[in-house]
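A.B. asks: Sequence:
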Amino acid sequence: MVITRDGQSRRYRIRIGAGGHGGYPLSYFDAISPAVDYRIEKMEHHRRAGYGAPLVALRVNRERDPLVLYYPEEAITRPLTAVLHPGPTQGGVRELRIELHCPLRNDDVVIEGRRRTLAADFSVPWAALLARTGELNKSGVADLLRSEPGRKPQLYLMEPYQPDKIPLIMVHGLRDTPLAWVNLSNEVWADDEIRSRYQVWHFLYNTSAPALYSGRMLSAQLRTLRPLLDPEGRDPAMQSTTLLAHSMGGLVSRRLITRPGDVFWQAAFTRPLEELRLSPEDRVTLKEAFFWKPAGHVQRVIYIAVPHRGSDYADNPIGRISRWLVKPPSRFETFYERISSANPGAFTPEYAALGRGELDSVDALSPRQPTLQILAGLPNSHPVQE
1 MVITRDGQSR RYRIRIGAGG HGGYPLSYFD AISPAVDYRI EKMEHHRRAG YGAPLVALRV
61 NRERDPLVLY YPEEAITRPL TAVLHPGPTQ GGVRELRIEL HCPLRNDDVV IEGRRRTLAA
121 DFSVPWAALL ARTGELNKSG VADLLRSEPG RKPQLYLMEP YQPDKIPLIM VHGLRDTPLA
181 WVNLSNEVWA DDEIRSRYQV WHFLYNTSAP ALYSGRMLSA QLRTLRPLLD PEGRDPAMQS
241 TTLLAHSMGG LVSRRLITRP GDVFWQAAFT RPLEELRLSP EDRVTLKEAF FWKPAGHVQR
301 VIYIAVPHRG SDYADNPIGR ISRWLVKPPS RFETFYERIS SANPGAFTPE YAALGRGELD
361 SVDALSPRQP TLQILAGLPN SHPVQE
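Read in my numbering, the sequence shown has 216 at position 216, and its numbers run on one by one without any break.
Because the hints were derived from the structure by calculation, they are not lab data.
Keep in mind that a hint or two might mislead.
[What the hints assert, rightly or not] Derived DSSO-like pairs (lysine-lysine); straight-line CA-CA distance at most 27 angstroms:
| # | residue 1 | residue 2 |
| --- | --- | --- |
| 1 | 293 | 165 |
| 2 | 152 | 287 |
| 3 | 293 | 152 |
[Said to hold, decoys possible] For each label pair, taking beta carbons as the anchor points, the in silico distance ranges come out as:
| # | residue 1 | residue 2 | range |
| --- | --- | --- | --- |
| 4 | 67 | 272 | 39 to 47 angstroms |
| 5 | 66 | 259 | 24 to 32 angstroms |
| 6 | 368 | 64 | 45 to 53 angstroms |
| 7 | 28 | 285 | 34 to 42 angstroms |
| 8 | 110 | 308 | 46 to 54 angstroms |
| 9 | 191 | 112 | 24 to 32 angstroms |
| 10 | 259 | 64 | 32 to 40 angstroms |
Think of the CB as a built atom: it goes at the ideal place given N, C-alpha and C, for glycine as much as any other residue.
Please put together the full structure from these sequences, using the hints given.
C.D. replies: Spelled out as C-alpha cells, the structure:
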C-alpha cells in the first residue's frame with residue numbers, strides 16, 4: 001500500500017489477523033463494519049474507551065456443523081476491536097500488523113511492550129442482530145395461535161463459548177421470545193465483573209405448550225450441547241449453570257431442578273407405564289416426560305414474577321378466551337392423542353384434556369391445575385440457590 005501525504009509517498013505492508021486469546025480469523029466473518037456506522041436505539045449504548053477501533057462483525061448462520069445450530073438463525077454477530085501494531089521499516093516499506101480482538105474475551109492488549117485497555121463497543125452487536133429479527137419479533141404471540149410454531153424450541157449461545165465462564169441461561173415468559181432479554185443482555189456485557197464471570201445464552205420455546213413440555217426440550221438440548229462444548233467434562237463453570245427465568249419461564253426451569261418420582265404419573269394415568277400399549281419410541285418419550293432426571297449442573301435459579309401456584313388470569317374471562325384461541329404444538333397434540341386412542345381410559349379425569357392433546361399453556365397455568373400444585377410441592381433435587 002502506498003500513502004501520499006504532504007507530497008511524500010510512503011509504502012506500507014499491512015497484515016491482518018486474529019489477535020489475543022480466542023481471536024477470529026478474518027475469513028470467519030462475512031462482513032466487518034466500523035461500530036460508529038450504527039445508530040443505537042431503544043437500549044443504552046455501552047462503550048469502553050481504550051486502544052483500537054471498535055468494529056461489529058457478522059456471519060451468516062449456515063448451520064454447517066453441530067455447534068452452529070446453537071447460534072441465532074438470523075446471524076452471528078460479535079464485537080471486535082482492530083488494533084494496530086507498528087513494525088520495522090525494511091527496504092523503505094513499513095510493516096504494520098492489524099489484529100482483531102474480541103472484547104468479550106480480552107480486556108486489554110499489549111502494544112510495544114505496554115499493556116493498554118482495549119476499546120470496545122458492546123451494544124452494536126445486539127443492535128445489528130435486532131435489525132434482523134423481524135420474524136422472531138412477531139412469533140411470540142403468533143405461535144400461540146397456530147399448532148405448528150414458526151420456530152422449534154432452541155437454546156442459543158449469544159457469545160463464543162469460554163471455559164471458566166458460567167452459562168447464564170435466560171428463559172422468557174408467556175407470549176414472549178428471547179428478544180425480551182436483549183436490553184438485559186446488553187447490560188451484562190457492559191458490566192466488567194459480570195461479563196468476566198458469565199456467558200449469555202437464551203432459550204426460545206413455544207409458549208402455547210405446557211411448561212413441563214418446554215422444560216423437557218431445554219433439558220434435552222443441554223444434554224446434547226454440553227458435551228459439544230466440554231467433551232472431557234473438565235470445565236467447572238459448566239457445573240454451576242445459572243437460570244434467569246421470567247413468568248412461565250420459571251415453571252419451565254423448575255423441571256431442571258426437581259426429581260418427580262411417580263407423582264405426576266399417578267396424577268395423570270390410571271395404569272402403570274408397563275401396562276400401556278405403546279411403540280418403543282413413545283414409551284421412551286413418555287418415560288422422559290414423567291420420570292425425568294434433574295440437571296445437577298444447574299446451581300442457581302433467579303425467578304422474576306413466576307406464577308409458581310398458578311395465575312388467576314387463566315380462569316378469568318380473558319384467560320378463557322385465550323384458552324379457546326391458543327393451540328398447543330401439533331407434535332404435543334398428536335403424541336397424547338395417539339396414546340389415548342391406543343389406551344382407552346388411561347388418563348385420569350383431571351388429565352382428560354391431556355389425553356385429547358388439548359392441554360395448552362394457559363390451561364396449565366390455572367391454580368386448579370394439579371400439575372402446578374404438584375410442582376410447587378416438590379423439593380429441589382439438589383442444593384440450588386434461588
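A.B. asks: All the hints need checking, so say for each whether the structure fits it.
C.D. replies: Status of each hint after checking the structure:
1. 293 / 165: 25 angstroms, holds
2. 152 / 287: 22 angstroms, holds
3. 293 / 152: Distance ~23 angstroms between residue 293 and residue 152 Cα, so the pair holds.
4. 67 / 272: 39 to 47 angstroms: Hint holds: Cβ distance 40 angstroms, inside 39 to 47 angstroms.
5. 66 / 259: 24 to 32 angstroms: Taking Cβ atoms as reference, residue 66 and residue 259 lie about 29 angstroms apart, which means the hint holds.
6. 368 / 64: 45 to 53 angstroms: 48 angstroms, holds
7. 28 / 285: 34 to 42 angstroms: 38 angstroms, holds
8. 110 / 308: 46 to 54 angstroms: 51 angstroms, holds
9. 191 / 112: 24 to 32 angstroms: This hint holds: roughly 30 angstroms between Cβ atoms.
10. 259 / 64: 32 to 40 angstroms: 38 angstroms, holds
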